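Engineer: As given, the protein sequences belong to chains A and B, one line each in that order.
Read in order, the letters of the first sequence correspond to residues -9 to 324 in this note's numbering.
Read in order, the letters of the second sequence correspond to residues -8 to 172 in this note's numbering.
Certain hints may be false.
Said to hold, decoys possible - Just so you have them, the derived chain A footprint on chain B, three or more residues with Cβ under 8 Å: (1) 87 to 100; (2) 117 to 131; (3) 147 to 161; (4) 165 to 171.
Treat the hints as calculated values from the structure; they're not laboratory data.
Quantities reported herein were computed from a predicted structural model and do not represent experimental measurements.
By construction, the Cβ of each residue, glycine as well, lies at the ideal position given by its N, Cα and C atoms.
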Amino acid sequence: MNRRAIVSVLVLLICAPPQPAQAYLKFGVTVGDQRVTLKWKPGPVRYFIFDSSVPGVTSPDLQAAVARAFATWQAVPTSSIAYQFGGLTSAQPGDDDGTSTIGFENYPDLDGVLASTSFVVDDATGELIESDIFFNASYPWSVAANGEPGKFDLESVALHEIGHFSGLGHSALGETSLSASGGRAVIGAEAVMFPIAYAPGSIVSRTLKADDIAGISDLYPDGDYATAEGSLSGRVFKNGHPFFGAHVVAFDLRTKTMVAGFSLTDQGQFSIGGLSPGLHVIRVEPLDDANVDSFFDQSVNPVDVDFQVTFDGVLVVVPRGGDSGQVLVTVQNK
Amino acid sequence: MRTLLICCLLTASVIHAGATVLVPTDLTGLSHDALAIVRGRVASVDARWTADHRTIETIVTLEAESYLKGALGETVQFRVPGGVLGRYRSIVVGAPAFAVDQHVVVFLGARGPSVPFVVGFSQGVFRMVRSTDSARWLVTPPTDLRPATGTVPIIRGDPSRRPLTLDDFEQRVRSLVGSQR
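Given the sequences, and given the hints that come with them, work out the whole structure.
Structural biologist: In structure tokens:
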């Protein structure tokens, strides 16, 4: 570490007031003048399986694959979220019946959508009443232990949707490619919550990544999360002005993992929680390779994607149980 | 279901939200799959219950300024999941949202005699923004044209991927549409 970095680290350590983390994309509702994060009340979240099947996947197969995905989220040691299977039902996902239902449905109109999660929320209180997940029966599905060529892995997609079901939005920690023969493909993703599916046959998205774990722990903190982890916060500027929608990635030099968030106010503020204490590198990048609508409501918040990728010039220390202090990052026009 | 909905109306306003896993596509795929590609101004955004009354959808009415493929008239309507209806709000994360007076290029599909939908969910919407000097419309497609051979990574922040002028974007799309004929 050079002298400038050391000085910067010291300054950041001194200026480290605790910050409310607003990392990841979390769903929320506005109640009065308060923003309420969408999350379940303490206690097991009960779900039902719509008694449905598709070629190659029976109703018990569906039940088992979904249960494995729920178990994966529930196993995160720094999160208190828990789920409970309520039984099979004839009610379909999307029925506003007060129960959370998961199953296959045929939605040919939802072209390009493998699965979707919906919520019913009491807007007066912000209370989450129910959440449903449907898997698009128009696509080929598999529950084979090692995946099947040409079929999407149900457990992987269920893991993503259950992240939404639990209150997490999309993560932009992923990279895609474009081929001459057509279409985009995922090269790699550092989050199950990346919105684009791996190619059929892949099962790599059955495992949560650091970004997912930080997100679910931030929503439902448990164990030593609050005292063992830290956060990193700051603001992003371009042409002297703060702005909304910059993707901010914190890279942990020790664990080689990434956790990311966005500048989520017109003051360019970001705050990424659930970080391992230690040195981090910050990278700020435009969401210019993604469908921004998949992350933000573009009818309300236009997102600026016309700037260069920027690495902050200093290493940032994330303290155990505290915040880094304000990190100011300036990006340049392309 | 109606009983529950009435109860909800009486006791609280309700938000409906959702999110998705997408099968990726690109400009070439979108151009191929679309029944119509239209540029225009959003004239109205009206939420309604779906025919089966299970959820809310929004009908977007676009004043068509130009068709890059097909033709559906001077005004065209299409539907997107979610919307606001009375005290109910349906938000589908991953579904595009529209506001009156926005300018967009949308790739539309349809199945049978029904209101068209956006091809590829959020992937079939390209939003037009004014250049800094307000002299031109710009569009930023997230992916570029397919390479002639092999596979190329899409690099986030690639300096060569700049917002296109509307003319350039439309020329690309027309070229892709023309090559399919």
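Engineer: Which of the listed hints are not met by the structure?
Structural biologist: The structure breaks only hint 4.
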